[in-house]
Amino acid sequence: MTAILEKLALYWQYPFVRYALAVGVLISLCSSLLGVTLVLKRFSFIGDGLSHVAFGAMAIGSVLHLTNDMPLVLLITILSAILLLSTGQNAKIKGDAAVAMISVGALAIGYLLMNLFTPSGNLSGDVCSTLFGSTSILTLTKTEVRLCAALSVLVVAAFVFFYHKVFAVTFDESFAAATGVKTKVYNFIIAVIIAVIIVLAMNLVGSLLISALVIFPALSAMRVFKSFRSVTVCSAILSIFCSLLGILISILAGTPVGSTIVAVDIVLFFVFSAFGTIIGGVHA
Amino acid sequence: MALITCQNLCLGYDGREILHDLSFEVNSGDYLCIVGENGSGKSTLMRTILGLQKPLAGQILTGDGLRLNEIGYLPQQTPVQKDFPASVWEVVLSGFEGGCGWRPFYTKAEKQRAEKNIRSMGIEHLSRRCYRELSGGQQQRVLLARALCATSKLLFLDEPVSGLDPRVTAEMYDLIEKLNREQEITVIMISHDIGAAMRYASHVLHIGDRVFFGPREAYQNSGIASLFTKGGVTE
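Protein sequence lines correspond, in order, to chains A and B. So for the first sequence, the working numbering puts the first residue at 10; every next one is plus one. So for the second sequence, the working numbering puts the first residue at 186; every next one is plus one.
Just so you know, these hints were derived from the structure itself, not from any lab. Warning: the hint list may mix true and false statements.
Cut-off 30 Å, straight-line C-alpha distance, at most; resulting in silico cross-link-like pairs (BS3-like, lysine-lysine) [as the list claims (entries may be wrong)]:
(1) Lys267/B - Lys235/A
(2) Lys293/B - Lys191/A
(3) Lys267/B - Lys50/A
(4) Lys296/B - Lys338/B
(5) Lys267/B - Lys363/B
(6) Lys296/B - Lys363/B
(7) Lys191/A - Lys235/A
(8) Lys293/B - Lys239/B
(9) Lys193/A - Lys239/B
(10) Lys293/B - Lys338/B
(11) Lys267/B - Lys191/A
(12) Lys191/A - Lys50/A
(13) Lys296/B - Lys235/A
(14) Lys191/A - Lys296/B
(15) Lys193/A - Lys296/B
None of the values given here were measured: they were computed from a predicted structure.
Take the sequences, apply the hints, and build the full model.
Structural data, given as C-alpha cells:
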C-alpha cells in the first residue's frame, strides 16, 4: 500500500499527471450530465456517430498539419450534430440511418486521409490512439487544459440553466410543444452541448469509447435512483469517480487510459444493477 | 366569442387529406367529446388544434383571451415514459415550463399551484414516488395535475381512460367531470367510449364518413349515433 502511495506521490509531481486528472474530472462531469437525456431519447448513437465525425475532423487536422486541431474538430462536430438533428422527421434518410451513414462515412474518410497523407511512419499507432485515446490525455498542453476547462464550465452552466427545460423536453416532447415550450430551440441547444462534450471527451477515451462515458453512469444511476434530479447528481458523481479511479489504475498498472475508465464504468454498472435488484429499484 | 373556433379546416399530412371542411366551435364551460373510428383523423385534429402541425386549409381562432399555448393537454403515454426516472413532483411541475420562457427555475407561486393541483387530484401521498412505478390510473392523475399547471381554462384529453380497468375508468371520468363543473374548465376529450360521451359530454363532434357537430341530445337523436351505438350503451 505504501509503495502505491509513494508511486502516486511521485507521479503527482509531474504536471501531465495533474492535467490528466483535472481534465478527466471535468470531462466525466460534463459527459454524464446529458447521459440520462440521451439514453431516454434513444439518442445513444448520436454520441457514437458524432465521435466518428470528430475522428474524421481530427484526420483532416493532422493532414493539414494543424498544431491545435480542437477548434476545427469542434466546428465540424457541431455542424454535424445540427445537421443530424435538424433533418428530423421529414428527411428522406431518417434517424438511425442518417447517424450510421455520417458516422461510418466520417470514420472511413478519416482513415483514408490519414493513410494517404500522414507523414508519420506509425500510422496504426496514430489511428489507435485517436480511436481509443490511449495516451493523448497524458500529452495535454496547458492551452488544451485551459480550453477544456473553459468549455466544461460552459457546458455545466448551460446544463444548470436549461435543466428544467431539458427535463420537460425529454419527458414529454409533445406536451412541452403543445404548451408553448420551444422544443426545437432546446433540442438544438442539446445537440450543440452534446457536440462540445464529445469533442472534449475524445481526449480522454478516444472516439470509439465515448458512448460508454456518456451512457454508463446514467444507466448505473437509473438502476438505483428514481427521480430525475437524483439520477443526474448520482451519474455525475459516479462518472467522476470512475474516471479518477480509471486514470489512477492506468498510471499504476500501465494500462490504456480510455479502456481502463470504461472497464471501471462497466464494473460499477453491474454493482449498481445488483444493488438496484436487491432494493427493488428498476425492476419494480 | 367562443373559446376555440375552427373554420373550414382541412387536415392531413404528406399532402393526403383526411378531414375536409370541418367547422365547429367550443365555448367556455363546454364538455366536447370527439368520437369516430380509428383513422378518422381524431388525433390529427387534436395535434392541429394544439399547434403541433399545420392545417392544410382553414383556420383555428381563439377567443376569451385564450392563447394557443394555454391548452392543458393529457397526451397518451409514450414509450420513453415507461423507463423514465422522474418523481411525481418533477412531472407535475414541468407543466409550468411553457410559461417560463427563458427563466431557468420555477417560482414559489408555481410550486404552490403545483401542490394545489396535486391535492385536487388526490395524489399528495404519491408526490415523492417514482412516476414509472405508479399504476395506470395514478399515472393519469399525475398527468392531469401537470395539465392543470399548464392551464386553468381548457383541457385537451386524448383517450384518458385507455388501458384502465372499469373502476379506475369511472373514477377518472368523475374527476374530469368535477373539473368541468366545479373549476369551470372547458374539456375537449377524444374517446372511443361512446357510452361515456353520452353520459358526460355537453357537445359531440363525430368525424368519419359522416360528420356531426352539435349538442349531445341532438347527436343522440341523429342516425349517426344509433349507427355507432348499436351495442346499446345509450341511456
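Hints and how they fare:
no.: 1; hint: Lys267/B - Lys235/A; result: holds (12 Å)
no.: 2; hint: Lys293/B - Lys191/A; result: holds (23 Å)
no.: 3; hint: Lys267/B - Lys50/A; result: holds (12 Å)
no.: 4; hint: Lys296/B - Lys338/B; result: holds (19 Å)
no.: 5; hint: Lys267/B - Lys363/B; result: holds (28 Å)
no.: 6; hint: Lys296/B - Lys363/B; result: holds (23 Å)
no.: 7; hint: Lys191/A - Lys235/A; result: holds (27 Å)
no.: 8; hint: Lys293/B - Lys239/B; result: violated (36 Å)
no.: 9; hint: Lys193/A - Lys239/B; result: holds (16 Å)
no.: 10; hint: Lys293/B - Lys338/B; result: holds (21 Å)
no.: 11; hint: Lys267/B - Lys191/A; result: holds (24 Å)
no.: 12; hint: Lys191/A - Lys50/A; result: holds (17 Å)
no.: 13; hint: Lys296/B - Lys235/A; result: holds (20 Å)
no.: 14; hint: Lys191/A - Lys296/B; result: holds (22 Å)
no.: 15; hint: Lys193/A - Lys296/B; result: holds (26 Å)
When each numbered hint is compared with the structure, a violation occurs for hint 8 only.
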